[in-house]
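Enquirer: For the record, the sequence lines run as chains A and B. Using the numbering used here, the letters of the first sequence correspond one by one to residues 1 to 373. Using the numbering used here, the letters of the second sequence correspond one by one to residues 1 to 325.
Honestly, the hints are just simulated from the structure, not real lab data. Honestly, I wouldn't trust all of these hints.
Claimed, not checked - Derived, one-sided and incomplete: chain A residues facing chain B with beta-carbon distance under 8 Å:
{"id": "1", "residue": "74"}
{"id": "2", "residue": "176"}
{"id": "3", "residue": "178"}
{"id": "4", "residue": "207"}
{"id": "5", "residue": "208"}
{"id": "6", "residue": "275"}
{"id": "7", "residue": "369"}
Unchecked claim - Cross-link-like lysine-lysine pairs, in silico, DSS-like; alpha carbons within 30 Å at most:
{"id": "8", "chain 1": "A", "residue 1": "63", "chain 2": "A", "residue 2": "318"}
{"id": "9", "chain 1": "A", "residue 1": "292", "chain 2": "A", "residue 2": "204"}
{"id": "10", "chain 1": "B", "residue 1": "253", "chain 2": "B", "residue 2": "3"}
{"id": "11", "chain 1": "B", "residue 1": "181", "chain 2": "B", "residue 2": "33"}
{"id": "12", "chain 1": "B", "residue 1": "181", "chain 2": "A", "residue 2": "72"}
{"id": "13", "chain 1": "A", "residue 1": "359", "chain 2": "B", "residue 2": "320"}
{"id": "14", "chain 1": "B", "residue 1": "47", "chain 2": "A", "residue 2": "204"}
{"id": "15", "chain 1": "B", "residue 1": "33", "chain 2": "A", "residue 2": "292"}
{"id": "16", "chain 1": "B", "residue 1": "253", "chain 2": "B", "residue 2": "320"}
{"id": "17", "chain 1": "B", "residue 1": "33", "chain 2": "A", "residue 2": "204"}
{"id": "18", "chain 1": "A", "residue 1": "292", "chain 2": "A", "residue 2": "63"}
{"id": "19", "chain 1": "A", "residue 1": "318", "chain 2": "A", "residue 2": "292"}
{"id": "20", "chain 1": "B", "residue 1": "47", "chain 2": "B", "residue 2": "33"}
{"id": "21", "chain 1": "A", "residue 1": "204", "chain 2": "A", "residue 2": "318"}
{"id": "22", "chain 1": "A", "residue 1": "63", "chain 2": "A", "residue 2": "204"}
Bear in mind the structure is a predicted one, so any value in this text is a computation, not a measurement. Ideal placement from N, C-alpha and C gives every residue a C-beta, glycine not left out.
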Amino acid sequence: MQWVSGEGSGERVRTVAEFRIEYLRQLSPQGRPLDELPAFAADNDELLKMFAAMLRARTFDAKAVNLQRTGKLGTYAPCLGQEAAHVGVGAAMRPEDCLAIVYREIGTLFWRGVSMTEVLLYWGGDERGNNFAVPRHDFPWCVPIATQTLHAAGAAMAFKIRKEPRCAVAYIGDGGTSEGTFYEAMNLAGARQLPIVFVIVNNKWAISVPIEQQTAAQTLAQKGIAAGIPGMQVDGNDVIAVRDCMSRALENARNGGGPAVIEMMSYRLSDHTTADDASRYRDEAEVAEAWKVEPLVRLRKLLESRGVLDEAREQAMKAQFTREVDAAVQEYLSTPRQSTDAMFDHLYANPPAYLEAQKEIARRYAGTGRPSH
Amino acid sequence: MPKVTMVEAIAMAQAWELAHDPSVVVLGEDVGKSGGVFRATSGLFEKFGADRVQDTPLAENMIAGMCVGMAAQGMRPVAEIQFMGFLYPAVDQIVNHMSRLRHRTRGRLSCPVVIRTPHGGGIHAPEHHSESVESMIAHVPGIRVVCPSSPARAYGLLLASIRDPDPVLFLEPTRIYRLAKQEVADDGVAAPLDVCYILREGEDVTIVTWGAMTIDVLQAAEQLAAQGVSAEVIDLATVSPIDAETILDSVAKTGRLVIVHEAARNCGVGAEIAAIVAEHGLYDLLAPIQRVTGFDTVVPLYRLENDYIPSVARIVDAAKVTLAG
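Let the hints inform the model, and build the full structure from the sequences given.
Expert: See the structure below:
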């Protein structure tokens, strides 16, 4: 910056703060370990489990998009290309930790026990999809951008007050980091040293706005620095690196070491949602480049090099997930619509009496509205 | 004259003002290259460039606050909030500053801002995308709330809103964005604010509504006509301030009033209309006022949304209730 002096003796001008953002990658995009891998990566079964989780999420994702296209699902936000970030975070968390998602993280949700049918119900316009059978304490889908970061900070505050060895994890997208709420959440977390990890999934595009138009900051990870929170970048398409740094950040937070911000560098290979058409604003060549470094490729290559995965085994996994997805779709499609009473149920613990009359009107006129399309 | 949908008319009106008033700037999330998630700014970026049609960073309170700053310094920002559920973060700037800067500075600074946002449900959208909370802002002094019901009205009212010296919340009913095409002259002629529009004249009952519900109310009026009931349909158009005179004149003629809105009933704009008629037209009424509204619940996800939005049958029945006895 030109206006900064940059010169002078240590008495007149001195540096009072410095920061550094490190970037972590464990596997090259070709699946070659760049150094000694973390301990969990020695366990082939564990890596296969993570590979399977990514493949499962991708299989579900493609079906969900297809269901929307054929009029059987509402608007849906695909996760294509971000499976490693989502699965790696899920694998690093403990069941008792608390998750605050946005609207794309099915890889984490599935790992934590949310069912495919629940996900379909939510995007299929049914509130029961937010009523996770497992995990009961996680926050529901969160469409209003960045708002979930404060909920996670609040959860972390509760854990801290009650001295529970639990952490909160807040997802946010690259676009979401422009919202004031995100800074408020980080500031609180830093000031109170809360057990929370902010996971920024930087998929480069906030609908049509590319990251370089969103911010002039060199990294999003450094946004934590202003709140006194260490930040780092990780290759978000490298599930081993994601799980590794996420595990360490959670461990540190769990032991009273305070919050962390992790920016996971990934790419949105899909449209923003099924209501979007990315070809209006995004260069196809850029998408083609991103496909070369997508998350499944490198783990597949590593597992193949270790002799525990081959084409036949992957096809068998895929066939199994397809059957599982199809069964969930059947369950979703055959779930009867809620009655109009559902609009009034769960609105209050102690519903005001006057609502009974409205409930009765809703019943009387049920089905008289314009036809569902 | 081109035949256009409402969403096209909205883009047309913005293009006209961008071309004719150099102080107009269109801004919001994805309004540029993408042309807006509903394409309500389609073609503007290509025609007027990135300075006048700006993709903003993703932050709604920032958008509203920036509009205050720009407007106070002589610009006329026309901002899009992508969905009404995302208006809530902007409410701080709208209520604490935008609507009262003129008043606080005794007219020294003002906020000729238009905040455009989609309104209402019925399009199978995700959570928080189907809100109709016009009464929240209608309650705030110093800002107008406008809601068109047709392509031509959208064109004229948006021009008037942009040219208005004070802030306007401009609500765009999403389920009629593309419902029908209408001939709209792209002539830069504004439609007046602060007045209701009588969409159908009648003698027996007055039905007041606005936005997408006008379509259902007009259908209800047809059905009523078939049953020998003559309904007068009034499109509120400017939701705040309310044109009391047109409504009171109509009620003086018909003696009966039904108010229809999609938003929840409790403290909805319908309550204000009912209060106006109770205060100034009580002796004209031959029957109690009926309100047909959304329920006092969260707008349900889309499987139930058509049971939330008032149906034609509910409107017809309410009109009949005023005629009974």
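Enquirer: With a cut-off of 30 Å on the C-alpha distance, tell me whether residue 47(B) and residue 33(B) pass.
Expert: Given pair residue 47(B), residue 33(B) holds - Cα atoms ~11 Å apart, limit 30 Å.
Enquirer: When you check the alpha-carbon spacing of residue 359(A) and residue 320(B), does it fall within 30 Å?
Expert: holds (21 Å)
Enquirer: Between the alpha carbons of residue 33(B) and residue 292(A), is the straight-line distance 30 Å or under?
Expert: With a Cα-Cα distance of about 26 Å, the restraint between residue 33(B) and residue 292(A) holds, given a limit of 30 Å.
Enquirer: Using 8 Å as the Cβ threshold, decide whether residue 176(A) counts as touching chain B.
Expert: This hint holds: residue 176(A) lies near chain B, its Cβ roughly 6 Å from the closest one there, short of 8 Å.
Enquirer: Decide if the proposed pair is consistent with the structure: residue 292(A) and residue 63(A), CA atoms, cutoff 30 Å inclusive.
Expert: This hinted pair holds, its Cα atoms lying about 22 Å apart.
Enquirer: Is residue 181(B) within 30 Å of residue 33(B), Cα to Cα?
Expert: holds (25 Å)
Enquirer: Is residue 181(B) within 30 Å of residue 72(A), Cα to Cα?
Expert: Answer holds: residue 181(B) to residue 72(A) is near 28 Å, not above 30 Å.
Enquirer: Residue 204(A) and residue 318(A) were given as a pair; does the straight-line alpha-carbon distance stay at or below 30 Å?
Expert: OK: residue 204(A) and residue 318(A) at ~28 Å, within 30 Å.
Enquirer: Just to be careful: measuring from the Cβ of residue 178(A) to every Cβ in chain B, is the smallest value less than 8 Å?
Expert: holds (4 Å)
Enquirer: Quickly compare the C-alpha distance for residue 47(B) and residue 204(A) to 30 Å and report which way the hint goes.
Expert: The hint holds at about 26 Å.
Enquirer: For the pair we were handed, residue 292(A) and residue 204(A), check the Cα-Cα distance against 30 Å.
Expert: holds (16 Å)
Enquirer: Given a cut of 8 Å on the nearest C-beta pair, is the interface hint for residue 74(A) held or broken against chain B?
Expert: holds (5 Å)
Comparing the model with each earlier hint shows a violation of hint 10 alone; every other hint is respected.
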